[in-house]
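Peer 1: Whenever a hint applies, use it, and build me the whole structure from the sequences.
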Amino acid sequence: MATPENKLAFDGGWAYDPAPESTDHISLKKRYGLFIGGEFVAPENSRYFDTINPANEQKLARVAEASEADVDRAVKAARAAYSGVWSRMPAKERGKYIYRIARIMQERAREFAAIESLDGGKPIRESRDIDVPLAAAHFFYYAGWADKLDYAFPGQRAKPLGVAGQIIPWNFPLLMAAWKIAPALATGNTVVLKPAETTPLTALKLAEVIADAGLPPGVVNIVTGAGKTGAAIVNHPGVDKIAFTGSTNVGRIIQRALAGTRKKYTLELGGKAANVVFADAAIDQAVEGIVNGIFFNQGHVCCAGSRLLVQESVADEVVAKLKERMETLIVGDPLDKNTDIGAINSSMQLEKIQSYLKIGKEEGGEMHQSACRLPKKGYWCRPTIFTGVAQSNRVVQEEIFGPVLAIQTFRSFDEALAKANNTPYGLSGGVWTDKGAKIFKMTQGLRAGVVWANTFNKFDPTSPFGGYKESGVGREGGLHGLDAYVKLGAR
Amino acid sequence: MSVAAVKKARRLPDLSCVPAVDEVGVNERVARFQTRSIKKSAKVEALKLILSMIDLTTLEGQDTAGKVRQLCQKAIHLHDAYPGLPHVAAVCVYPNMVSVAKEALAGHDIRIASVATAFPSGMSSRKVKLEDTRTAVAAGADEIDMVISRGEFLAGNYRYVFDEIVAVKEACGDAHLKVILETGELGTLDRVRRASVLAMHAGADFIKTSTGKVQPAATMQVTLVMLQAIRDYYRDTGRMVGMKPAGGISTSKLAIHYLVMLHETLGNAWMTPEWFRFGASSLANDVLMQLMKQSTGLYQSADYFSKD
Amino acid sequence: MAAANRLSVAKTYKIYIDGKFPRTESGRYFPLKNKQDAVIANVCRGSRKDFRNAVVAARKAQAGWARASAYLRGQILYRIAEMLEGRIEQFVAELQLQGRTERQARKEVEIAVDRLIYYAGWADKYQQVFSSVNPVSSAHFNFSVLEPTGVVSIIAPDDSGLIGLVSYIAPAIVGGNTCVALASESLPLSAVSFAEVLHASDVPAGVVNILTGFRDELTEQFASHMDVNAIAWPGDGRKMARSVQTLAAENIKRVIARPKIDWMSDEGESPYLIRDTQEVKTTWHPIGS
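Chains as they are written, first to last, in this note's numbering: chain A, 1 to 491; chain B, 1 to 308; chain C, 1 to 289.
Please note that the accuracy of each hint is not assured.
With a cut-off of at most 25 Å between alpha-carbon atoms, the simulated PhoX-like pairs for lysine-lysine come out as follows [to be verified]:
no.	chain 1	residue 1	chain 2	residue 2
1	A	K376	B	K39
2	A	K358	A	K337
3	A	K159	C	K260
4	B	K293	B	K213
5	C	K125	A	K148
6	B	K293	B	K307
7	C	K260	A	K264
8	A	K92	A	K487
9	A	K337	B	K307
10	A	K59	A	K487
11	A	K337	B	K40
12	C	K60	A	K441
13	A	K59	A	K352
14	C	K125	A	K487
I should point out that these hints are in silico values taken from the structure, not numbers from a laboratory.
Peer 2: Below is the structure:
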């Protein structure tokens with residue numbers, strides 16, 4: 001019965017004034033060296049690259065590009081710290097250092113949030129309310145494990161691996177650093193971490209925190225650079241473990257590169273999660289979950305609900321509500337407290353997303369975008385949905401890593417489950433229904449490591465995260481996240 | 001749809017088809033509204049709009065003609081030190097005070113709302129409730145705030161509740177009907193949603209959260225659920241229904257959160273006193289203090305604002 | 001009354017796919033010789049097509065096997081042990097035929113029986129040991145459970161005829177995986193006989209598939225198949241290890257290398273070996289009304 005004139009109007013009328021987060025309390029250096037052996041040092045070849053603000057394309061700082069020799073220095077520093085101090089230290093003391101990191105991060109939370117939004121383009125609301133508090137909570141959680149590892153592995157004695165090489169992506173720069181560093185340190189390993197080249201700043205600020213916390217030099221080393229620096233870490237013979245979060249393609253390259261070595265590895269890779277909405281769902285909350293599933297962090301989320309499977313009898317209603325909801329999403333200045341969708345992280349990523357928009361249309365999909373105005377400078381993408389697409393379409397199959405949702409309909413439970421699982425990925429999934437038995441049938445049937453029922457994109461330090469199939473190997477977070485950083489032996 | 005057609009379409013809907021509501025999801029959505037930062041001119045605009053949406057209310061057993069007259073004075077003269085302020089939407093009183101308010105507000109464009117139907121409990125016969133309504137309308141009430149029979153609703157006697165609203169709507173004549181669900185007694189958001197649907201189908205012009213006599217009164221959670229019910233009803237029928245949260249909204253900050261929620265749920269068309277009201281007694285002064293602070297830059301003291 | 005010089009009946013050693021005992025589709029064989037260089041048996045030289053067929057069978061059986069109750073899986077493992085116990089003499093003789101002393105052979109078979117019982121007991125317990133309820137900060141109920149990885153390809157240790165194979169298969173299937181195992185190349189006979197034990201033990205068709213053949217020829221097939229979720233193998237040989245992991249990367253296969261484990265000792269059994277072929281699944285649900 002819905003008619004066009006019954007649509008709601010969200011444009012014009014009352015509008016929110018700009019409410020920018022102030023940046024006068026943050027301190028950024030003009031140039032950052034590499035954090036090796038407890039201090040910032042210049043890269044041996046004196047090469048630096050710019051890190052820019054994707055919301056206005058302005059330079060924020062110069063950052064060192066670590067060469068193979070620099071990585072070697074970092075690994076040696078980590079090895080020395082491992083053998084000399086960290087692996088010998090009583091576990092309780094180790095834990096107390098990690099607690100310190102958590103506390104200092106909490107004290108400096110607002111600064112971290114502002115820098116995260118400046119460097120990565122994500123809305124300040126998210127960096128302030130999600131990324132930074134979760135990162136601190138992660139350190140707090142794993143700090144407590146340091147002296148309790150005997151209880152994590154019944155019947156076994158857990159020993160550290162040595163030096164962990166960690167490579168993290170640009171979508172949650174600080175949070176991913178915390179996910180990587182906290183469990184590694186708690187289990188007695190030392191770390192060489194490389195943040196993504198487009199978002200190095202919060203990791204470098206974290207280096208300051210680590211220094212302020214008084215961690216022994218070399219326990220955590222942070223080297224900046226692009227793929228070559230990452231490869232140097234992966235291939236360094238002095239590294240005992242690789243932890244990588246990023247694309248499935250690079251994960252595959254890393255798994256190959258590690259072939260024939262004794263290095264352990266964990267991989268957190270891509271995804272193409274289905275969010276399954278049944279007719280008996282709490283529809284308004286489901287719509288909210290769909291929005292949160294795909295538009296959170298500009299869709300730069302490996303576990304994003306980038307496929308919507310909606311039962312045919314409610315498909316029109318859900319899509320109509322989704323379109324209306326999209327009109328209320330505010331796209332713009334990441335530092336504005338009212339921004340819902342910030343800047344796309346880089347021009348490269350924007351090009352990739354735009355190429356998929358083109359592909360989607362060429363495949364015959366019907367594209368709909370919200371009518372929001374976009375800033376002139378910077379990298380932006382309107383919230384986008386595709387209807388009229390099918391399993392055989394690329395926008396349904398491939399990870400776009402942007403605010404682009406592919407919508408399909410289904411008739412029966414079995415059809416929904418089959419479509420949801422019809423992908424090489426298996427990171428996450430969602431199900432919306434008011435019926436408990438159906439929830440369990442769906443959550444058990446989904447071949448994915450994280451399943452959200454009547455919610456989506458929730459994270460917690462105590463909650464293991466990681467993928468099935470091509471979405472990765474191993475888990476991060478929770479009790480199970482400790483596995484990645486220990487070798488087990490008989491007591 | 002014409003009024004006659006709407007009337008004709010008044011049928012008790014199948015409440016089992018009303019979509020479920022997930023409480024945690026509602027809480028999360030509400031939390032998002034609360035993170036909106038409303039500043040500068042957007043804030044001033046919001047504060048003025050809030051003032052214009054207030055149903056200035058006194059519903060006490062101890063109400064007297066004197067008290068009601070003073071309240072009406074307040075309604076007319078919100079804060080004369082601040083030129084160009086809007087007036088409140090209405091004053092809301094008991095039926096026996098309607099004539100007093102009528103006289104006090106004569107010549108002013110402020111509506112008179114009266115509670116009726118054995119407010120606040122509604123525990124009386126239909127005959128008494130209808131008489132109560134007719135009395136208030138006859139005395140000059142422009143708007144009637146009725147209560148639903150919560151006991152009957154909770155017992156599953158939806159037909160009873162529905163027919164009662166239909167009958168009261170008839171008794172209202174030209175007066176607008178606001179239907180109070182008393183959400184604090186309904187227990188779950190699912191029931192709030194169902195009661196909203198029932199009330200709208202029965203002919204409510206407004207749906208309203210609370211009497212103010214039961215805790216919890218209005219919350220953003222129940223208001224959101226009711227707004228979403230209004231939106232779906234509008235989508236299905238083309239008829240706009242108004243919304244009135246009442247009780248417990250006493251600060252500008254909270255009222256602005258409500259406005260944000262309204263703005264992002266129903267859009268511009270509802271952003272007027274015609275379609276949205278705050279049932280409140282002390283909210284006006286806090287809004288006035290904020291407005292003065294915005295214009296003077298100084299934080300204000302309650303001593304400078306009249307309490308009537 | 002049997003004649004004293006009765007002609008014995010030699011056994012044909014076939015492969016085991018989808019609950020059936022076909023010969024290799026390739027028609028190839030390799031002669032297995034004893035220390036005296038006499039041919040004991042002609043063993044199927046399994047092909048990549050045999051492997052492919054086995055993976056199809058394993059995939060088909062996987063969801064149903066994973067859905068079977070833990071109690072049932074435990075009972076079926078126990079049943080395997082019972083069937084093996086009843087054929088101890090056959091396995092002892094067969095291992096002797098392949099060069100083991102009687103004492104060694106008997107010990108190996110006995111440990112294999114006990115190992116199956118060990119894992120039968122884990123069927124309804126490992127989940128309790130490795131699962132967790134996670135105290136998240138928000139209004140959600142959150143728990144993590146283990147689920148089988150899926151289809152596991154197994155390269156059994158070459159240096160044992162029975163215990164190595166059993167020690168690989170048991171922890172994989174008790175956790176709801178299905179598998180395709182490559183028998184020891186030098187000691188393949190017991191693997192085929194073990195398939196016959198499985199066949200008599202209520203193990204659904206396709207849950208365990210066993211091939212015989214050449215490791216050099218088949219290991220890479222086991223590592224590269226896109227519908228295999230994990231490969232468990234001894235990880236011996238640096239060159240082969242490199243190749244296995246390189247090929248496994250094609251579909252981010254889990255590579256479980258188990259070098260230097262004495263399968264005859266207690267270190268050859270552990271719930272952590274079950275966990276190797278399990279995925280952790282975390283589920284969130286709001287707590288509200």
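Peer 1: Holds or violated: are the alpha carbons of B:K293 and B:K307 at most 25 Å from each other?
Peer 2: Holds, because 18 Å separates the two Cα atoms, which is no more than 25 Å.
Peer 1: Taking 25 Å as the top limit, are the C-alpha atoms of A:K159 and C:K260 close enough?
Peer 2: Between A:K159 and C:K260 the Cα gap is close to 19 Å, so the pair holds against 25 Å.
Peer 1: Has the given pair, A:K59 with A:K487, been kept, meaning a C-alpha gap of at most 25 Å?
Peer 2: 43 Å, violated
Peer 1: Do the alpha carbons of A:K92 and A:K487 lie within 25 Å of each other, as the hint requires?
Peer 2: It holds: about 20 Å lies between the C-alpha atoms, which stays within 25 Å.
Peer 1: Decide if the proposed pair is consistent with the structure: C:K125 and A:K487, CA atoms, cutoff 25 Å inclusive.
Peer 2: 23 Å, holds
Peer 1: Sort out whether B:K40 lies within 25 Å of A:K337, counting only the CA atoms.
Peer 2: 14 Å, holds
Peer 1: Taking 25 Å as the top limit, are the C-alpha atoms of C:K125 and A:K148 close enough?
Peer 2: Holds: C:K125 and A:K148 sit about 23 Å apart, inside 25 Å.
Peer 1: For a C-alpha distance cap of 25 Å, please report whether C:K260 and A:K264 respect it.
Peer 2: Holds, at about 17 Å.
Peer 1: Take the C-alpha atoms of A:K337 and B:K307, compute the straight-line distance between them, and say whether it is at most 25 Å.
Peer 2: Roughly 35 Å separates the two Cα atoms, so the pair is violated.
Peer 1: Holds or violated: C:K60 and A:K441, Cα atoms, limit 25 Å.
Peer 2: Holds, at about 19 Å.
Peer 1: Taking only the CA atoms, is the gap from A:K358 to A:K337 under or equal to 25 Å?
Peer 2: 32 Å, violated
Peer 1: Do the alpha carbons of A:K376 and B:K39 lie within 25 Å of each other, as the hint requires?
Peer 2: 24 Å, holds
Checked against the numbered hints above, the structure violates hints 2, 4, 9, 10; every other hint is satisfied.
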